Structure formats: structure tokens, C-alpha cells
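Student: Residues per chain, in single letters:
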Amino acid sequence: MRPFSTVLWVAVILGSGMLHAAEVPVEHPPFKKGQYVHHAPTVDDLMKDQEIKPQLKKVILKGRDIFMNTQQYRGKYVFSRLSCKNCHLGEGRLNWSGPIWPAATTLPDYRGKNGHVNSLEERIAGCFSFSLNGKPPEYGSDMMLALSAYHQWLALKAPVYETHIGGRGYSSLGKDIPKDIHYVQGEKVYQAQCAICHGATGQGKSVEGKVVFPPLWGDESYNWGAGMARVYTAASFIKNNMPLGKPGALSDRDAWAVALYVNSQERPQDPRYTGDVKETREKYFNFHQYTMYGTERDGVLLGQHDNTGAKPFLKPDALRPRTFDE
Amino acid sequence: MMPVHRGWLFGAVLALTGVAHGAGDPEKGKLIVTAGDGSGAPCVACHGLDGAGNDLAGFPRLAGMDAGYLVKQVRDYRSGARKSAVMSPNVDDLNDDQIADVAAYYATLNTAPTSLPSGAPGALALGEALATKGDWDHYIVPCETCHGPGNVGVGSDFPKLAGQHPTYIKQQLKAWKTGTRNNDPNHLMLAIAGRLTETQIEAIAAWLARQDPKGGK
Numbered sequence: 172m173r174p175f176s177t178v179l180w181v182a183v184i185l186g187s188g189m190l191h192a193a194e195v196p197v198e199h200p201p202f203k204k205g206q207y208v209h210h211a212p213t214v215d216d217l218m219k220d221q222e223i224k225p226q227l228k229k230v231i232l233k234g235r236d237i238f239m240n241t242q243q244y245r246g247k248y249v250f251s252r253l254s255c256k257n258c259h260l261g262e263g264r265l266n267w268s269g270p271i272w273p274a275a276t277t278l279p280d281y282r283g284k285n286g287h288v289n290s291l292e293e294r295i296a297g298c299f300s301f302s303l304n305g306k307p308p309e310y311g312s313d314m315m316l317a318l319s320a321y322h323q324w325l326a327l328k329a330p331v332y333e334t335h336i337g338g339r340g341y342s343s344l345g346k347d348i349p350k351d352i353h354y355v356q357g358e359k360v361y362q363a364q365c366a367i368c369h370g371a372t373g374q375g376k377s378v379e380g381k382v383v384f385p386p387l388w389g390d391e392s393y394n395w396g397a398g399m400a401r402v403y404t405a406a407s408f409i410k411n412n413m414p415l416g417k418p419g420a421l422s423d424r425d426a427w428a429v430a431l432y433v434n435s436q437e438r439p440q441d442p443r444y445t446g447d448v449k450e451t452r453e454k455y456f457n458f459h460q461y462t463m464y465g466t467e468r469d470g471v472l473l474g475q476h477d478n479t480g481a482k483p484f485l486k487p488d489a490l491r492p493r494t495f496d497e
Numbered sequence: 022m023m024p025v026h027r028g029w030l031f032g033a034v035l036a037l038t039g040v041a042h043g044a045g046d047p048e049k050g051k052l053i054v055t056a057g058d059g060s061g062a063p064c065v066a067c068h069g070l071d072g073a074g075n076d077l078a079g080f081p082r083l084a085g086m087d088a089g090y091l092v093k094q095v096r097d098y099r100s101g102a103r104k105s106a107v108m109s110p111n112v113d114d115l116n117d118d119q120i121a122d123v124a125a126y127y128a129t130l131n132t133a134p135t136s137l138p139s140g141a142p143g144a145l146a147l148g149e150a151l152a153t154k155g156d157w158d159h160y161i162v163p164c165e166t167c168h169g170p171g172n173v174g175v176g177s178d179f180p181k182l183a184g185q186h187p188t189y190i191k192q193q194l195k196a197w198k199t200g201t202r203n204n205d206p207n208h209l210m211l212a213i214a215g216r217l218t219e220t221q222i223e224a225i226a227a228w229l230a231r232q233d234p235k236g237g238k
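Just so you know, the sequences run in chain order A and B.
Residues in the first sequence are numbered consecutively from 172, following this note's numbering.
Residues in the second sequence are numbered consecutively from 22, following this note's numbering.
Everything labelled a hint here was simulated from the structure, so no lab data went into it.
Given the structure is predicted, the values throughout are model-derived calculations rather than measurements.
A hint or two may mislead.
As the list claims (entries may be wrong) - In silico DSSO-like links for lysine-lysine, alpha-carbon gap of 30 Å or less:
id, chain 1, residue 1, chain 2, residue 2
1, A, Lys284, A, Lys454
2, A, Lys233, A, Lys284
3, B, Lys51, B, Lys235
4, A, Lys376, B, Lys191
5, B, Lys51, A, Lys247
6, A, Lys256, B, Lys191
7, A, Lys233, B, Lys235
8, A, Lys376, B, Lys195
9, B, Lys198, A, Lys256
10, B, Lys191, A, Lys381
11, B, Lys104, B, Lys51
12, B, Lys154, A, Lys233
13, A, Lys449, B, Lys191
14, A, Lys229, A, Lys381
15, B, Lys154, A, Lys328
16, A, Lys256, B, Lys154
17, A, Lys376, A, Lys256
18, A, Lys224, B, Lys154
19, B, Lys195, A, Lys228
20, B, Lys104, B, Lys49
21, A, Lys376, A, Lys486
22, A, Lys376, B, Lys235
23, B, Lys154, A, Lys219
24, B, Lys154, A, Lys381
25, A, Lys256, A, Lys359
26, A, Lys228, A, Lys328
27, B, Lys154, A, Lys229
28, A, Lys256, A, Lys284
29, B, Lys154, A, Lys376
30, B, Lys104, A, Lys381
31, B, Lys235, A, Lys256
As the list claims (entries may be wrong) - Per label pair, the in silico range of CB-to-CB distance:
id, chain 1, residue 1, chain 2, residue 2, range
32, B, Leu137, A, Lys228, 31 to 41 Å
33, B, Pro142, A, Lys228, 17 to 27 Å
34, A, Lys247, B, His159, 30 to 40 Å
35, A, His287, B, Leu137, 54 to 64 Å
The beta-carbon is built from N, C-alpha and C at its ideal position, and this holds for glycine as well.
All chains, full assembly: derive it from the sequences and hints.
Tutor: Given below as C-alpha cells:
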């Protein structure tokens, strides 16, 4: 990865049109001193690895298949038109794109999202419940085992409970929206940079029934409880991953603006909905302080509806509290 | 129902200013393909009436390509946004309606792909890997992520690659690398092509050319 200063110069030159662009740089934030930087194995590595038994290889590959094509479970476990790979780019291996292996090395741990200690499977259940607007496979099921195996194999050789990780998650732009970031600015960025793939109305694009570019809002996208609904999460994801193939191409401000725009559109209801959006926002304020849920846009309260998209229920059973009290 | 929001207005503007045109007439298109624009070679001379093109000569296959995509390319050749000493003189006297008609004609064609010799297994395996899995460590996104399942294309912005001639695919990837082609929206192709090595370009071209343009396995 280039040092940031070199990247700035390349950006200046490209921006000034001086360079006959033979290269679009890959711009990511620099790693911080002392961070553990992981290089997750590839499928080729898996197939060549003599230490991994064939039975385990098969299960890992099954987990990878679920990850890459979660849509095959549409109508059963998934009611959006998303697959895990849409937000966890590069097969879930890619630094700065929410690589999934840290979930295997840093859990079980307390998570603020649900206020108790979560296992890896419960973390995965969260992705099904919120980001995929679905219903998680049963704990301990073959599918959960396969997904866990995929996560953990990607963590090969990573230190257990090492939390100082480079390129993890989506928060490199910080959590607070800078001043003077506006919806209208975001809309312009969206139409210029994003609509060609994700559609003018965020509907995404499919070919022969297969999703190519995922929907970013509306009935078929992630619901109001998904991490991506937080403006800072989307801003960092977009800054470091979008447009596809051009990480870092957008300015920080454009990334924030378009994240605000996308996350000010309607989407299916938060599974934790109490029946009143302001009440739900308050109850889960540790999460919703970062979303536009329960705020007003053009005189309309975002999230005040009973729309669960294609999902025929609101809340999957897996979303339940734990107290560890006997 | 999800409330309508202002995006639709931008979408409409985009649609009108983008590749949209009155849907062309394939019958009229066939006549223009045969007669040309009056000042250069007619399409038929290089691309064939069946739109098969010619690999060795580097004339791309046009049969079954998305009409909207073809329209944009021909308009770009006409304006110089896409540079070709061969194409520009042949299309510079076509008006928008004629371009739409020609594109509509070629889009309807179902011509069988040209058969190719077997191809080196190593190169094909590499090409398949790049086209379907990419090489994320070098930020090479798999072709099919944008060009669709089976690389059959997505709408008018991401053309069909399956069954396209290998020489043409190679030429275009190299053209992006050297900066001689830059009419791709938002530099999306430039980003990827700029990261490909010669070996990877050869492999991708060899594999894509041998895929079924209809997307069958």
C-alpha cells in the first residue's frame, strides 16, 4: 500500500489531467503503528493446503458458497436481494471492506448492538436479521457451521483476541458527520458516481434474475437495523470501496454526502421496531444516533411504517436477549 | 409502497441525456449496414451481415450486443470520444436515427459464435479465474461482477464479453492501459485494465472468447 503522501500527488496529477491516466490508484488509509495486518488465504491456498482435511475443505467451500451467493436462500433465510459479498468485498478477505475473519478471532465478546456477549454464530445471525433482511439459519445448523468454518479459516494464523487490527470494519472516517454535509450534495454524487450501477432509484440491477449490482434502498435492500444504515459506516465503506475498482476516488466529503443521501431513503423496518419509530429510535439510540431512522426528511418521518419488504414477518426468533443469569 | 423521492427526476434526466434514443428499426438498420453511410465502408464489409466480425482482423462481433451500448460506441466514434482511424470515417455521416437502426439490427442477431481452437489450458484456467474470481490482492475485480453472470453483459453500460473475439478484447484492454481508449464511464474500465499484466490480458481474452454469448456453461 502506498504512503498517503504519494497517493495525494498521484491524485493531484490525475486531477489536473496532466497524466494520460494509465492507472487509477488504489487509495486506502495507511495502517497504524502496532496494528496487526492480516493476509487472509485464498481459495487457491485452501486447495493447496495439505494440513486441512478434505472434509473440512468441503465445509469451508460450502461456507464460501453461502457467503458469495446468499441469494440462493431467498425466500427462506434472505428476503432482500443482497448477498454477504456485496458489502464484504473480495470474498470477505479484503482489508477496508469489513473483512469477516476478525469475527472469528475477537468473539465471543460483548457487543453494544445487543448488550450481551455474542458468539460468532450470533454475529452471523445479526447479518441475516438486519443486513440481509432475513431469518438466520438455526444455531448449530450445518449452514452455521459452514459459515463459521469459512470465517475461521480466513482467520488462519491471526492472533486470537488481538483487537488492534488494521483495515477492520468501516469506520476510518470517524463516526461524526462533518459540518455542511447535505442531502442535495449527496444526491448529485449519487447520480454521477453510483447510479450507473445501482440505478437511478437505488434499485440495483439484475440479469436473468441474478442480482449483479445490489439495491441500496427500497424494499429489497438492507433494513433499518443494519450496520450499513449508519451514515458513518456507509461513508467509510463507500470511501474505501466505491465506485467499484476505484477505492479512495471520492473525497471524504463526497463519501459522507452520498452516505447521508443513501441512508435517508426508505427501507424495510428495523426488526426491533416497537410499533413507533421515535420510541424504537430512543430505545436503540446507541445504534440509531448514527442513522436517519426516526428523523424527518421533507416532512416525512423515516421508518414510520410496517413495511418489512418481502419478509413475511418482522422479527426473527434468533434476536433475543441473553442475561447469563440462572 | 415506498414513497417516491426526487431521484426519479434525475433518473429521467439521466435516461434522456444518456444512451437513450428512439428504439431503432432493425429492418432499416439492415439496409444501412449493407449500404453504409455513403462515405466509407459499410458495416457489412468488416462486421458481416451476421455481425460475426473477424478475429484476426480485430473486427469485433456485434451480433447480440446491447443496442444501447452499440449506439454509444458509434456516437463516440463519430465524435472522436472513442478513437479509431478505421471506424470514424465509416460512421461520421450517420445520423442518430441511423445509428439507432444499425444498433437495433445487430442487437437482434443470434449468430453462432466463431469456433476457436482449444487454447492453452494454463491460460484458460487463469482467464477463468480472473473473469470469475478476480485477483483482489491486486484489486482486479472479477469481470463478471460488472459484466454480469457468464459475462453476458448488463444493460447498456456493461457490454457482453462472452464470445467476443480474443484479438479485439486484448486490443481494448491494452487501449485502456495506454490511454488510447477513455470513453468508459467514470474510468471504471481504466481502473481495472491499468492493473492487468500482459499475461493476464492474454488469458482473459482467451477464456472470454470461448464462452457462450448466451451465458450457457
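Student: All hints, please: hold or fail.
Tutor: Against the structure, the hints:
A distance of roughly 12 Å separates the Cα atoms of Lys284/A and Lys454/A; the hinted pair therefore holds under the 30 Å criterion. Pair hint Lys233/A plus Lys284/A holds up; C-alpha atoms about 28 Å apart against a cutoff of 30 Å. With a C-alpha separation of about 22 Å, the suggested pair Lys51/B and Lys235/B falls inside the 30 Å cut-off, and the hint holds. Of the supplied pair hints, the one linking Lys376/A and Lys191/B holds, its CA atoms being roughly 27 Å apart against a limit of 30 Å.
About 48 Å separates the Cα atoms of Lys51/B and Lys247/A, which puts this hinted pair outside 30 Å; it is violated. The hinted pair formed by Lys256/A and Lys191/B meets the criterion: a straight-line CA distance of about 29 Å does not exceed 30 Å. Distance restraint check for Lys233/A and Lys235/B: the Cα-Cα separation of roughly 28 Å lies within the 30 Å cut-off, and the hinted pair is therefore satisfied. For the given pair, Lys376/A sits about 28 Å from Lys195/B by alpha-carbon distance, which is consistent with the 30 Å threshold.
Taking the CA atoms of Lys198/B and Lys256/A, the gap is near 28 Å; set against the 30 Å cutoff, the hint holds. With a C-alpha separation of about 28 Å, the suggested pair Lys191/B and Lys381/A falls inside the 30 Å cut-off, and the hint holds. The straight-line distance between the Cα atoms of Lys104/B and Lys51/B is roughly 25 Å, inside the 30 Å bound, and the hint therefore holds. Proposed proximity of Lys154/B and Lys233/A is supported: the alpha carbons are some 16 Å apart, at most 30 Å.
Annotation: proposed proximity of Lys449/A to Lys191/B is violated, straight-line Cα distance about 57 Å (limit 30 Å). Distance check on the hinted pair: Lys229/A and Lys381/A sit about 25 Å apart at the alpha-carbon level, within 30 Å; holds. With a CA separation close to 23 Å, the supplied pair Lys154/B and Lys328/A stays within the 30 Å bound. Only pairs whose Cα atoms come within 30 Å are accepted, and Lys256/A paired with Lys154/B is accepted, the gap being roughly 12 Å.
Distance restraint check for Lys376/A and Lys256/A: the Cα-Cα separation of roughly 16 Å lies within the 30 Å cut-off, and the hinted pair is therefore satisfied. Restraint check for Lys224/A and Lys154/B: the C-alpha separation of about 24 Å stays at or below 30 Å, so the hint holds. Between Lys195/B and Lys228/A the CA atoms are separated by roughly 38 Å; this puts the pair beyond 30 Å, and the hint is violated. Taken as a hint, the Lys104/B and Lys49/B pair is honoured in the structure, with Cα atoms around 26 Å apart against an allowance of 30 Å.
Pair hint Lys376/A plus Lys486/A holds up; C-alpha atoms about 28 Å apart against a cutoff of 30 Å. A hinted pair counts as satisfied when its Cα atoms are at most 30 Å apart, and Lys376/A with Lys235/B qualifies at roughly 18 Å. Taken as a hint, the Lys154/B and Lys219/A pair is honoured in the structure, with Cα atoms around 17 Å apart against an allowance of 30 Å. For a cut-off of 30 Å, the pair hint linking Lys154/B to Lys381/A stands: about 17 Å separates their Cα positions.
Distance restraint check for Lys256/A and Lys359/A: the Cα-Cα separation of roughly 27 Å lies within the 30 Å cut-off, and the hinted pair is therefore satisfied. For the hint pairing Lys228/A with Lys328/A, the CA-to-CA distance comes to about 17 Å; that is within 30 Å, so the pair holds. Distance restraint check for Lys154/B and Lys229/A: the Cα-Cα separation of roughly 18 Å lies within the 30 Å cut-off, and the hinted pair is therefore satisfied. Proposed proximity of Lys256/A and Lys284/A is supported: the alpha carbons are some 22 Å apart, at most 30 Å.
Between the alpha carbons of Lys154/B and Lys376/A the distance comes to roughly 20 Å, so the proposed pair stays at or under 30 Å and holds. Between the alpha carbons of Lys104/B and Lys381/A the distance comes to roughly 34 Å, so the proposed pair goes past 30 Å and is violated. Distance check on the hinted pair: Lys235/B and Lys256/A sit about 25 Å apart at the alpha-carbon level, within 30 Å; holds. A beta carbon spacing of about 34 Å between Leu137/B and Lys228/A agrees with the range 31 to 41 Å that was offered as a hint.
Take Pro142/B and Lys228/A: their Cβ atoms lie about 23 Å apart, and the range 17 to 27 Å holds. Take Lys247/A and His159/B: their Cβ atoms lie about 36 Å apart, and the range 30 to 40 Å holds. Taking the beta carbon of each, His287/A and Leu137/B are about 59 Å apart, inside 54 to 64 Å as hinted.
Checked against the numbered hints above, the structure violates hints 5, 13, 19 and 30; every other hint is satisfied.
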